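**Q** What follows is the residue order along each chain.
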Amino acid sequence: MESPIIMIIWSRIKHGDPQFVLSFAAQKVSELSGNSYSPALVESMLKYFDELKDRTEAEYQKVTSVMQLAPNMVLARSIYSMSGKLLLAKGAVLTTQSINRIRSIARLDPIVSNIYTVREDRFTKEAIV
Amino acid sequence: MDHRSRRVAEHAVAIAHLMAIPDKRIKEIEIAALLRDIGKANFPLFMLEKSPNDYSPEEMAIYKYHPQACSEILKNVYGYEQIIELVHYHHEKYNGSGFPSGHKTSKTPMGAYIIGITDYYDHLVENKTR
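Top to bottom, those sequences are chains A and B. Quick note: the first sequence uses my numbering, first residue 1, plus one each step. Quick note: the second sequence uses my numbering, first residue 1, plus one each step.
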């Protein structure tokens, strides 16, 4: 837990980057193939992970920098800063004010979680749960 | 019934579809995934609040009994024979390291393994996200 790389990996898992969590799970599951779980089962599990990956890609849009945020976007995942602070919870609709606040915080306290917004064409009730 | 059971059931059904298991069996897997931990209903509260990794040997013995407790609860339900079997074996492992019986592959139904692996996946993912 001391090395910074492990800290970053840990915080990304903890803060739920869906792509990252899935590849982490895929790695863990394939390690147990033939041991705790039968190879055939692990194979279909990995197939299922690929399906889930495609599904998250279809539903969420990854925002690479805070400068890309625009008003009226809906957050699909919560945003956390390096020190573990919750900046905005998922489901929040961005406003000019909140974007400015996040940008000013991010200068001192970088955002660790990837930012995901709901795709506009997927703008339905169940997407924002 | 908590959200965990619902998620595990959902994943288990999806994997069963990928493995081309017949629809009737899939329905059984879904119900078994929802009911799999009903045997934990008579656990003392403090055991539910910590993870199985932190259990003392006595608590571990109680924990390892929950699949059997579950089949005891369900044994009088008409038409649940297959489901009871799935629930009873859902902690079995491919290499025979699981519990309650530690059987190797031949005796354990495939559905029980599917519930086991999705349970593990959900544990991996949801303990670390929110």
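Just so you know, the hints here were simulated from the structure itself, not pulled from any lab data. Predicted model only: the values in this text are computed from it and were never measured. Among the hints, erroneous ones may be present.
[As the list claims (entries may be wrong)] Label-pair ranges, simulated between beta-carbon atoms: (1) Asn53(B) / Lys90(A): 22 to 30 Å; (2) Met82(A) / Leu124(B): 45 to 53 Å; (3) Tyr55(B) / Lys28(A): 44 to 52 Å; (4) Thr96(A) / Ile62(B): 52 to 60 Å.
Even for Gly, the Cβ is constructed at its ideal location relative to N, Cα and C.
**Q** All hints are to be evaluated individually against the structure, with a verdict given for each.
**A** Okay, the hints, checked on the actual structure:
Taken as a hint, the range 22 to 30 Å holds for the pair Asn53(B) and Lys90(A), whose Cβ atoms sit roughly 29 Å apart. Judged by the Cβ atoms, the range 45 to 53 Å given for Met82(A) and Leu124(B) is violated: they are separated by roughly 24 Å. Restraint check, Tyr55(B) to Lys28(A): a C-beta distance of roughly 22 Å breaks the suggested window 44 to 52 Å. Range check, Thr96(A) to Ile62(B): Cβ separation about 56 Å, and the 52 to 60 Å hint holds.
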